[in-house]
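**Student:** Protein chains in written order, with UniProt numbering: chain A, 1 to 270; chain B, 1 to 274.
No lab work stands behind these hints: they were computed from the structure. Backbone N, C-alpha and C define an ideal beta-carbon position, used for all residues, glycine too. It is possible that part of the hints are untrue.
Label-pair distances were calculated between CB atoms; the ranges are [stated by the list, open to error]:
1) 130/A <-> 219/B: 52 to 60 Å
2) 82/A <-> 157/B: 25 to 33 Å
3) 7/B <-> 81/A: 47 to 55 Å
With the C-beta cut set under 8 Å, the calculated list includes, among others, these residues of chain A facing chain B [claimed, not checked]:
4) 88
5) 91
6) 95
7) 98
Here are the chains, one letter per residue:
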Amino acid sequence: MSALLDIQNVTRRYPRPRQRLLHRPEPLVALDNASLTLNAGETYGIVGESGSGKTTLARLVMGFEAPDNGRVLLGGEDLHALPEHILRQRRQTFQMVFQDPFGSLDPRRPVGWSVGQPLRATGQQPAPAQIAQTFERVGLSASDAERYPHEFSGGQRQRIAIARAIITKPRLLVADEAVSALDVSVRAQILNLLLDLQDEFGLAMLFVTHDLAVVANLCDHLLVLRNGRTVEQGPAQAILTNPQTDYTTMLLDAARVTPAGHSAPARTTT
Amino acid sequence: MIRRAPVNLWIGGALVAMMTAIALLSLVWTPYDHTLLDIPAKFAAPSAEHWLGTDQLGRDVVSLLMAASVNSLTVAFVAVGLGGAIGTLLGLAASAWGGWVEAIVMRLVDLGFAFPALLFAIMLAAAFGPSLSNAILAIAFINIPVFARVARGAANQIWTRDFVLAGQAAGMGRAALTRDHILPNIAAPIIVQATIEFAVAILAEAALSYLGLGAQPPMPSWGRMLSEAQTLMYLAPELAIYPGLCIILAVLGFGLLGDGLRDVTDPRLARTRA
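Please model the entire structure based on the sequences and the hints provided.
**Tutor:** Laid out in structure tokens, this is it:
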């Protein structure tokens, strides 16, 4: 039995604009030879600062763009080798929660419409009962489905985004900075919701974040990225308690440091 | 966010509402039949019977102007609707598929912009004979590139939004994403552009009719009234002034309305303007 998600040596380069007419600049290597395997029910944390390539990795896994080298295997299938119509059917099995809860819902659609979208995309007519059930599962009320995104707070919108991501009962959930835009107290609620859902569905989660404090108690494995390169990788506990590189130590310190005049950052509990 | 409607919106809206009301009224009632000739009463001065007098054939000027407003509005509506729909679809397709689709569409659009509209209308008239429907086709054609550019620009912005990515992650194709997310979210700039193009279309119709390439007799048209009055400029200058004023007010009305709508729907532009 192969792993649910198997990322094999993916590299992604972005061409840079020409500065001089006859000189083609070296492409920007956003992600360099990254690999990981993720099994059902496990959580993999992708950690790094801005520009480290963590979002590129998430976009590759979601099939929004293709790697220049390497493969992304989902359930044994090479995601980027699938024909378009097959890939679109497979999308039910891997879903994503975006960073910005204000941007990830169409402002012109009732949120119930957005939540039903993954079903509608494959030609199913989402039953109102199913939408209502999903809303209640993420801690909202069934009547919220008729309302529009601007009527909700950031935390509620992230719950709606999670409802959209789980309505097809996916096997993999990619969370790209899914709690970064939220208040600390709301952040803990959303993290708890994600963990509950993971237990319930046996979800595998790819958790992309810049904040080690968020993933500390959440992840089974960690991949630490810097400038697209893998800095450290392995069991989360080992890395957190015994970081091997200055970079990881720095990220750990950043997560622990309490700036003067601010209250201590809440460590998330599971 | 609802802000106080700007003054150009009010003035433009009032002018457009007035013009529309007059055009609708003329469908059921005009002071006289605008085709009714009354040669003995030609060049009558404004009076209680003929509010703005009569023309060289004794026709009632008010009735002519009213009937011509229907023509102007219909031509503008059909031409902008047709050109706007085709242009918007092309722009949406260019934005959705990119690559060679976008390259071909946008180069054709450049070609459309490079082509003088009146010249194209004259060419159509030369090939198929002068008629109102050819004038409509010509005006529709010059609208296609305008809407294609506006639609593509607005759509490109929407494509970068997370909710479109979420739709893609949900398994929707480009056509479905365009239908469900892109089109509803670019409706505002398209409507604004359509209002402004209405003004341009009314002007274009008047110009084509003036040249004899638009409305054919006996269909009344402001542009043709102008050209007929031109030969009588020294005898009865007011006959040229009335349709001229109508054209100015109609174009001004739609122009101001479009401007005002843009200020209301796009706060960024409103701020730079102030």
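**Student:** Each hint should be assessed against the structure and marked as holding or not.
**Tutor:** Verification of the supplied hints:
Residue 130/A and residue 219/B have their C-beta atoms about 58 Å apart, which keeps the hinted 52 to 60 Å range intact. Checked against the hint of 25 to 33 Å, the pair residue 82/A and residue 157/B passes, with Cβ atoms roughly 30 Å apart. The beta-carbon spacing between residue 7/B and residue 81/A, approximately 60 Å, falls outside the hinted interval of 47 to 55 Å. Because the closest C-beta pair between residue 88/A and chain B is about 4 Å apart, less than 8 Å, the hint holds.
The beta carbon of residue 91/A comes within 4 Å of a beta carbon in chain B, closer than 8 Å, and the hint placing it at the interface holds. A distance limit of 8 Å between C-beta atoms decides the matter here; for residue 95/A the minimum to chain B is near 6 Å, and the interface restraint holds. Evaluation of the residue 98/A hint against chain B yields a held restraint, the C-beta minimum of about 5 Å falling below 8 Å.
Hint violations for this structure: number 3 only, all remaining hints satisfied.
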